[in-house]
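There are 2 protein chains.
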Amino acid sequence: MNYNPVTNEVIQALEQIVGARNVKTAPEVLEAYQSDESLTPDLWHLPEVVVSPGSTEEVAAIMKVANQYKVPVTPRSAGTSVSAGAVPVYGGIVLLMERMNRILEINTEGMYLVAEAGARTADIQAAAKEKGLMYAGDPCSADSCLIGGNLATNAGGNKAVRYGTTRHQVYAIEAVLPNGKIAHLGAPLKKCSTGYCLDQLIIGSEGTLGIITQATLKLVPLAPYKLDVLAVFTDLKKATALVPQLIKAGLNPTSVEFMDNNFVRSASDYSELRLPHYEDGIYDIVSIETFSEHELDEKMEKLAEVCEACGATDVVEADDRVWKVRRNCLESTRVFSRVATSEDLVVPVTKIAECIQTLVEESKKYDFLIFCLAHAGDGNLHFQIMKRDMPDDEWERQLAQFRAFAYPYVYQLGGRLSGEHGIGYKRLSYMEQYTDPVELELMKTIKKAMDPNGILNPDKIIHVE
Amino acid sequence: MNYNPVTNEVIQALEQIVGARNVKTAPEVLEAYQSDESLTPDLWHLPEVVVSPGSTEEVAAIMKVANQYKVPVTPRSAGTSVSAGAVPVYGGIVLLMERMNRILEINTEGMYLVAEAGARTADIQAAAKEKGLMYAGDPCSADSCLIGGNLATNAGGNKAVRYGTTRHQVYAIEAVLPNGKIAHLGAPLKKCSTGYCLDQLIIGSEGTLGIITQATLKLVPLAPYKLDVLAVFTDLKKATALVPQLIKAGLNPTSVEFMDNNFVRSASDYSELRLPHYEDGIYDIVSIETFSEHELDEKMEKLAEVCEACGATDVVEADDRVWKVRRNCLESTRVFSRVATSEDLVVPVTKIAECIQTLVEESKKYDFLIFCLAHAGDGNLHFQIMKRDMPDDEWERQLAQFRAFAYPYVYQLGGRLSGEHGIGYKRLSYMEQYTDPVELELMKTIKKAMDPNGILNPDKIIHVE
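Protein chains in written order, with the UniProt record's numbering: chain A, 1 to 465; chain B, 1 to 465.
Where hints are given, some of them may not hold.
Since the list gives no way to pick one copy over another, a pair counts as held whenever it fits inside one copy or between any two copies.
30 Å max Cα-Cα, derived DSSO-like pairs, lysine-lysine [as the list claims (entries may be wrong)]:
1. K131 to K24
2. K181 to K448
3. K365 to K181
4. K302 to K131
5. K302 to K238
6. K364 to K190
7. K302 to K129
8. K226 to K237
9. K444 to K248
10. K237 to K448
11. K190 to K129
No wet-lab data here; the hints were simulated from the structure.
Treat the numbers as computed from the prediction; the structure is a model and nothing was measured.
From just these sequences and the hints, can you work out the full model?
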C-alpha cells in the first residue's frame, strides 16, 4: 500500500474535528508514541500526528478524513502492548483512545456494564465489585491497560482458566469501521442466531478491522470464597505434570500459574522477599473460587492431595508475598538486559508439560538468558529471552534459530504463536510463515473488503498489498 | 445474481466427483428436497440435482464445479430447519451432508471430540457420555439433527442457559469456503490471540460463508447430580417473573423452560397424560445439575423457596411424564392447523417476563391460534402461530400486522429476530428490515468478498445483488 503524508490540510481537517488542543505534532509527543512496551527498538516508528478524539462520532470523522487523504491510522489504547501492536508502522495518525474513558452504565439486573474504550480495566473491575459483581477479564496489566486494547487483542490474564479470555466477557461492541461508519454489533443476549457473528470478528483483530469505541461487558456473580495455594516443586517434570491432573480432578481452578526457578529467584530478589525453595524451587500457584465454604473445603482437600501425589515438596497458602513475587516477574528481568523479547506461545493444556520441558531443554543450546513463566492452566507459555551483552547479529541469529525450532514444534502440538499478547507488528512475518495458507488468505480477503484503502493499522497481524 | 441451469455437463462433472449413484435428479428425489420442516409451502423450491459427497475433498471439488458453471449450492444437514434454511431458493445443487457421518476421535485427556458434519447430534452426545463426559449442545431435535446444521445455525437447545449455545461448544472447524478451498479454523486451545476469529464467523452463518465439514467439539465433565423441578403457576405474570429471580438467586440452572396453558393442554392431550393444573396451569420446568450431593440439596432448597415466593401453586419433581409433554409440544399442534409458523424471538433475560406478557396480550387481537413456549432462562421465546381455516390473504395480513408490532418491540427491548432457529429464507425480508444498516452492509461486504459469484446458499440471512 502507498500512503500519503500528513499535510497541513490533513492537520486542519483533524483540528476541525477534535479541536486544535487534541491534535499534536510536537517532536517530543511524536517520539513518545513511536513505541509501546515492546522491547525491540527496531520495530518502532514515529507517527506524523497524534490525535485524541473525545467521542465515537469524532473517531468516525477522523476515519473519513484518513480515507479521503489516504493516511494510515493506528489506534492506541494504553500502549502496554509487547507485540508492537500500537506502533504506527507507516507513520500517519496515532489515535489516542484515552479521553473516551467513561463507564456509562452498570446494570446489576441484566449483569452487564457499558464502558467507553478508554476506560481503565482496573476501574471497570472496581466498578463491578462495588456492586457485588465481577468483571472476569483480568490481564496482568489491569492497573494500566484500557478495555479497548483488551478487546482488540483478546487479552487473557489471571482468570482465563475458569472464565475464558476477554472475547468471552463481551456481549456487544460499538466500533468505527475502516470506512468511518459506526457499527453496533452483538447484544446483551444469552442466545442469538440472527446473522453473522461480527462482534467476535472485530474483537481480537488488533484494531485492523475496526476501532472499538464502546463495549458491553458481562458481569458474573462474585464468588465469596477464594484460596490461593503455592505448590513448590524441585523437578520440572513434576511441576508441569500437575496441570493435567488438576483438570482431571475437576477442580475448575480460576488460575494455574507456573514460574520456573529463574523467575522465582529474580522476582524474589527484586521484591526483596524470600519464599520457600528460593534456590531450586519451581512454583505452581493455583487459585480456587467457590460459592460455598463447604465446596472450598472439599476442593482444598482435593487440591492438596493432587499436589502431593504429583511430588510437591511444599504446599502452602499463597499469600500476598507470593503474588507480589509473581507480579514482579517481568520487571525483575529488566536488570539483566535492556533488550529482550518475549514469547507468548499457546498449546493445548494437555501438551503444556511436554512443551515446557522440550523448549527449556532446547534453550540450553543458546547464549541468551531465558526465563519461563506460564499461565499453565490455559496452556499459555511466556518465555522472556534476554540479549544481555550478545552482539546484535549473534542475538538475531540465535533468536531466529530458537524460533525456527520452537514455532513449528508448537504448531505441531496444535498450538499457535500468541495466546494473549497478539501478533502485532512483532510477529507479522511469523504469522505469514506459519499460518495455514487458506486461513491467511481468508483473513486478507476480509481485511481488503472492509478496508480497501488499507489505512487502518496496517502491517498488524497480516500484510496486505 | 444470475445463475446458470444445471446442464448435463454439470451433472457429468458432479458424477465424476462423487460417483453416479450419489447424484440424483429423479423428480421424486428433487421433490423430497424442496422443503425442510418449515410449514409454509410458499417458501419451498425444487433443486435441480441432489448430490451426496463422501468427503471434504469431494465437497471442495463440487464447489469448484459450481463456481465454474455458476450454479447455486444449498448445503443440507438433516433438514430439520424451521426457517427454510435448507431450501434451494434458486434451484441448483442440494448438497446432502449425511454420508459424512463419522465420529473421528474422542480425546478424553484433551476433552474434545472430532466429528464429520453429518454425524447425528444424539450419537455425539452418546459417544461422549460413554466416556463419562458430556457434549453440552442439545437442540430439541437432537435425535434427528446433524452436528453440521447445529453449527451452521448456532443451535440453542436444552442446556444453553448453563453451557451456552452451539458456538460455545466448538474448538475448531474444517470448512469448505465458497471458492472451494478447504479451511481449518480454530484450534483446541483455551486461549488464542493469533489472527481473526474466523471459526466463529462461519459458525452461525447458516452455510452462506462456508460448508462446515468437520468440527472439534468441547466436552465437559458430566455432572453426576441432577434434578428437574416443575413449578406450576396459574398466573402468567407470576410464572414469567420466576426467571429473573432464579438468576438473582445464583442457582445457575441448566435450563428453565416455560409452557403456556395452551401448550400444557395440547401436549398433555397428545401425550395422553394428565399433569397438575391441566386446565389452568402455566409451567416452568427448571433443571439443576451439580457435582456434589450437598450442592444439589442446597440448590433444591433454595429453588423451592424461590418458586414459592414467586407464587407457584405446585412445586414437584419433573419426571419423565413432564419431559414427554414438553417434547411433544410442537407435534401436538399439528392437529390444529396444517399451515403454521413459529417465532423464535430472543430478548435479554431480564425482559422475558415483560415480553411474554406484552405479546400474549397483543395476540388476543388476532384470529389465528397462538401458543407460547420459551427457553425462558436464556430469553428465547417460541410462538407457534396457527392458521387453521383462515383465508390465505387474511392469514398473511394478520401475521404481518402481528409481526409489525412484535419485531420492533423486541428490537426495542434489545432483542433479535432469532434465538436459535436462524434467519434462513423465511425471515430474510425481516432481517433486511430490522437489522442496523451498518451491520447489514458489513455482512454483505463479507459475503461478497468470500463468495463473489454468490453461489453458496443464496438468499439465506441476507440478499446480495
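Right, here's what the structure says about each hint:
1. K131 to K24: neither (39 Å within a copy, 62 Å between copies)
2. K181 to K448: both (16 Å within a copy, 18 Å between copies)
3. K365 to K181: Intra 52 Å, inter 41 Å, cutoff 30 Å: neither.
4. K302 to K131: Close across copies (22 Å), not inside one copy (32 Å); limit 30 Å.
5. K302 to K238: Within one copy only: 18 Å inside, 42 Å across.
6. K364 to K190: Only across copies: K364 and K190 sit 28 Å apart there, 49 Å inside one copy, limit 30 Å.
7. K302 to K129: For K302 and K129, the Cα distance is within 30 Å both inside one copy (29 Å) and across copies (24 Å).
8. K226 to K237: within (28 Å within a copy, 38 Å between copies)
9. K444 to K248: neither (39 Å within a copy, 44 Å between copies)
10. K237 to K448: neither (46 Å within a copy, 51 Å between copies)
11. K190 to K129: Both: 22 Å inside a copy, 25 Å across copies.
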